[in-house]
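**Student:** The residues making up each chain are set out below.
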Amino acid sequence: MRHLLSTEHMTATELTWILNMADEMAEVLERPIPKVPTLRGKTVGLLFFENSTRTRLSFERAAKALSADTMTFGSQGSSMTKGESLRDTALTLEALGADLMVVRHHAVGAAHRISEWVDVPVINAGDGTNQHPTQALLDVLTLRKRFGKLDGLTVAIVGDIRHSRVARSNVFAMTALGADVTLVAPPTLLPPTLDEWPVRVAHHIDDVIESTDVLYLLRIQAERGGDQVVPSLPEYVSRFGLTDERYARMSGDSVVLHPGPMNRGVEIAHGVAEADRSLVLSQVRNGVAVRMAVMMTLAGADRD
Amino acid sequence: MLSPDGGQTVDILIENGRIVSIGPALSNDALYPEFDATGCWVGPGFVDIHTHLREPGHEYKEDIKSGSQAAALGGYTAVVAMPNTMPAIDSGHIARLVAARGREVGLIEVQPAGAVTLGRQGNELAHLDELWEAGSRIFTDDGDPVADSGLMRQALEYIGDLGGVVSQHCEDKGLSRGGHMHEGSVSSLLGIRGIPPASEDIVVARDIALSEMTDRPVHFQHLSSARSVELIADARLRGVPVTAEVTPHHLMFTDKEIEAGTDPAFKMHPPLRTESDRQGLIEGLRHGVIDVVATDHAPHVTADKEVPFEEAANGVIGLETAAAVVNTVLQPDAAEFFSWMSTGPAGIARMANHGRYPTHGELANLVVFDPNARWIPGTYASKSTNSPYTGLTLTGKVRLTVSMGRTTSSEGQLT
Numbered sequence: 001m002r003h004l005l006s007t008e009h010m011t012a013t014e015l016t017w018i019l020n021m022a023d024e025m026a027e028v029l030e031r032p033i034p035k036v037p038t039l040r041g042k043t044v045g046l047l048f049f050e051n052s053t054r055t056r057l058s059f060e061r062a063a064k065a066l067s068a069d070t071m072t073f074g075s076q077g078s079s080m081t082k083g084e085s086l087r088d089t090a091l092t093l094e095a096l097g098a099d100l101m102v103v104r105h106h107a108v109g110a111a112h113r114i115s116e117w118v119d120v121p122v123i124n125a126g127d128g129t130n131q132h133p134t135q136a137l138l139d140v141l142t143l144r145k146r147f148g149k150l151d152g153l154t155v156a157i158v159g160d161i162r163h164s165r166v167a168r169s170n171v172f173a174m175t176a177l178g179a180d181v182t183l184v185a186p187p188t189l190l191p192p193t194l195d196e197w198p199v200r201v202a203h204h205i206d207d208v209i210e211s212t213d214v215l216y217l218l219r220i221q222a223e224r225g226g227d228q229v230v231p232s233l234p235e236y237v238s239r240f241g242l243t244d245e246r247y248a249r250m251s252g253d254s255v256v257l258h259p260g261p262m263n264r265g266v267e268i269a270h271g272v273a274e275a276d277r278s279l280v281l282s283q284v285r286n287g288v289a290v291r292m293a294v295m296m297t298l299a300g301a302d303r304d
Numbered sequence: 001m002l003s004p005d006g007g008q009t010v011d012i013l014i015e016n017g018r019i020v021s022i023g024p025a026l027s028n029d030a031l032y033p034e035f036d037a038t039g040c041w042v043g044p045g046f047v048d049i050h051t052h053l054r055e056p057g058h059e060y061k062e063d064i065k066s067g068s069q070a071a072a073l074g075g076y077t078a079v080v081a082m083p084n085t086m087p088a089i090d091s092g093h094i095a096r097l098v099a100a101r102g103r104e105v106g107l108i109e110v111q112p113a114g115a116v117t118l119g120r121q122g123n124e125l126a127h128l129d130e131l132w133e134a135g136s137r138i139f140t141d142d143g144d145p146v147a148d149s150g151l152m153r154q155a156l157e158y159i160g161d162l163g164g165v166v167s168q169h170c171e172d173k174g175l176s177r178g179g180h181m182h183e184g185s186v187s188s189l190l191g192i193r194g195i196p197p198a199s200e201d202i203v204v205a206r207d208i209a210l211s212e213m214t215d216r217p218v219h220f221q222h223l224s225s226a227r228s229v230e231l232i233a234d235a236r237l238r239g240v241p242v243t244a245e246v247t248p249h250h251l252m253f254t255d256k257e258i259e260a261g262t263d264p265a266f267k268m269h270p271p272l273r274t275e276s277d278r279q280g281l282i283e284g285l286r287h288g289v290i291d292v293v294a295t296d297h298a299p300h301v302t303a304d305k306e307v308p309f310e311e312a313a314n315g316v317i318g319l320e321t322a323a324a325v326v327n328t329v330l331q332p333d334a335a336e337f338f339s340w341m342s343t344g345p346a347g348i349a350r351m352a353n354h355g356r357y358p359t360h361g362e363l364a365n366l367v368v369f370d371p372n373a374r375w376i377p378g379t380y381a382s383k384s385t386n387s388p389y390t391g392l393t394l395t396g397k398v399r400l401t402v403s404m405g406r407t408t409s410s411e412g413q414l415t
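Those sequence lines, one after another, are chains R and P.
Taking the numbering used here, the leading residue of the first sequence gets 1, the next gets one more, and so forth.
Taking the numbering used here, the leading residue of the second sequence gets 1, the next gets one more, and so forth.
Because the hints were derived from the structure by calculation, they are not lab data.
Everything numeric in this text was worked out from a predicted model, so none of it was measured.
A portion of the hints provided could be inaccurate.
Claimed, not checked - Derived Cβ-Cβ restraints for the label pairs, each shown as a range: (1) D253(R) <-> Q279(P): 49 to 57 angstroms; (2) S149(P) <-> F147(R): 53 to 61 angstroms; (3) D23(R) <-> E59(P): 54 to 62 angstroms; (4) Q228(R) <-> R238(P): 33 to 41 angstroms; (5) L392(P) <-> D119(R): 24 to 32 angstroms; (6) Q279(P) <-> E235(R): 39 to 47 angstroms; (7) E235(R) <-> D234(P): 37 to 45 angstroms; (8) P231(R) <-> V301(P): 42 to 50 angstroms; (9) Q279(P) <-> D119(R): 39 to 47 angstroms; (10) D234(P) <-> T243(R): 49 to 57 angstroms; (11) H270(R) <-> L392(P): 53 to 61 angstroms; (12) D119(R) <-> E59(P): 34 to 42 angstroms.
Glycine included, every Cβ here is placed at the ideal spot set by N, Cα and C.
Whole structure, please, built from the sequences with the hints as guidance.
**Tutor:** Given below as structure tokens:
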């Protein structure tokens, strides 16, 4: 594996390799001094063309736990606002000595394009509405820790799938590992065509609430697209929100995941976010371990 | 050589730019330079009714000189320059400027297309009489549709009365808004907002109704959807005076090209669609539902394409590769080929001096095309290099272009 750009064509073997390494990294993070020297002397370039606090902090923490230096590029107040091209920015970071690049961008394919221009490994930390592979990896890690394996799990992804890079990455990572994924949303929040998606579809959360092992909630991304996707938020909640009443109907071992940031009171009721079934904070913790594993895998990969 | 009677193998003697003799085994007593066109097709120079020359206003992308050079290398002797310049070609003086600059460069005839509406804003009619006087025969707001049905009707009636044709960019903006590629399985996987074929089909259907109502011609630009082809086929059966064009890139590529790497070289408007759309376009062209091939030559500088797909400019260059692409994809016979590339487009643009078979006594306006030569595009005379064909092997090459009696390109070089 040269870059991590998408989960779409990842095999169970590749995913399992990273998950196993992430388990080891999780142990490292439990130590009194949670740090290993693996990437000492290496510099990780964090190219954040789109604002993100959670993901950037997670990658920074991961890089530092591997003893790498970090170099952060944020688009605010940088030369991007002076019209510098994406290619020029990437080549500049490479010339400054980045050994590995983490790219977050508001446009689809940005990390992929950069990977064609630079000679160092590139990790896609979210490209528009396309992919967010490390999020999917941390989600499957969270589920593997909880259930032991993904094979045979039923997962319902509920909400704005059309505009969700998290959903795109998770559908392929989860199904590659044997999970059975159902997308739950109105047609206006589903991708226009699902021909090549290994999923089932439901149009009401009540169709899955009592049967699913995993309820994966997404927020409505009002900032993308600009269409009217639902008549009103209360109507959305009535069909797709995880209310207290619905939470009470969830089955034995089932869990709730959310990639954050959460819109409490919309897709998830206020109290539910911190209720027993919620793995939201485990997801965040596992994010650091997964990103360490990905950086180690790519930095150690042969340069071809 | 191609003539109305079909193909024949002959010598053509050109003296001072004029065809003075056509016949088998002519003698060359005056020892004029000879060009051996054995195995090639000789026919009327190509005519492109959809070219963006970018002048005035965007000369950093292309200008009338570089665009003319690209046209000459591509076998063209005339092009229709789209009016989405800055300022737009919406009045007589701008149209005259574009035409005059074309004559000054002297490689091709540049017919300025007139805007339908002032500033291409879609609100009120442009200076249509002035534009007509200045030589415009095709009227279009290309880049944008004439969206208002009432205004489109007025334009059809007025322009039709002058003798011109309205050339429509078919796009329902309510459906295309924010879209960057064909809406389908590839866009759904990528998460890129799509443009459904209905965005085109709706405008085609509406304008067929308006053409039928007014009995005035409408020309449909750069078709991308198989359904549009069906609508036009049906309209023509009923005698509605509509014509249509297709671009080389819609004949060759589908949205699968974007799946591989979101390469903005494949971003254009309308978008590349599915294989069944592509087949629909090919069949439409073969059966005469689509009349002509037009390049939609749309130069953009590298910086406009060295960005993520969604932020990249729409369009590709095409003048230097169009004939080869058409020949590669469709393997037409010579009569079809020159009908799509020359006589058909010259007819739509009302160009009396183009699209004419080589004729004794006339100024030579011809192209020598080798339908079997293979080559790989790599460098371009255009100022821009946004070509999706770079590095691909194409079959069919322009070997000689003679424009208005003057040799403008020979063996891939400007002369």
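**Student:** Against this structure, judge whether each hint is valid.
**Tutor:** Outcome of the hint check:
1. One distance hint, 49 to 57 angstroms for the beta-carbon pair D253(R) and Q279(P), holds here, with the actual separation near 51 angstroms.
2. For S149(P) and F147(R), the Cβ-Cβ distance of about 59 angstroms falls inside the hinted range of 53 to 61 angstroms, so the restraint holds.
3. Taking the beta carbon of each, D23(R) and E59(P) are about 60 angstroms apart, inside 54 to 62 angstroms as hinted.
4. Distance hint check for Q228(R) and R238(P): the Cβ-Cβ separation is about 38 angstroms, which falls inside the suggested range of 33 to 41 angstroms.
5. Look at L392(P) against D119(R): about 26 angstroms separates their beta carbons, and that is inside 24 to 32 angstroms.
6. A C-beta distance of roughly 42 angstroms is found between Q279(P) and E235(R), which places it inside the suggested range of 39 to 47 angstroms.
7. Between E235(R) and D234(P) the C-beta distance comes to about 41 angstroms, which sits within the given range of 37 to 45 angstroms.
8. In this structure the supplied range 42 to 50 angstroms holds for P231(R) paired with V301(P), their Cβ-Cβ distance being about 44 angstroms.
9. A C-beta distance of roughly 41 angstroms is found between Q279(P) and D119(R), which places it inside the suggested range of 39 to 47 angstroms.
10. Checked against the hint of 49 to 57 angstroms, the pair D234(P) and T243(R) passes, with Cβ atoms roughly 52 angstroms apart.
11. Roughly 58 angstroms separates the CB atoms of H270(R) and L392(P), a value that falls within the hinted 53 to 61 angstroms.
12. Between D119(R) and E59(P) the beta carbon distance is about 36 angstroms. The supplied range of 34 to 42 angstroms therefore holds.
In this structure, every one of the numbered hints holds.
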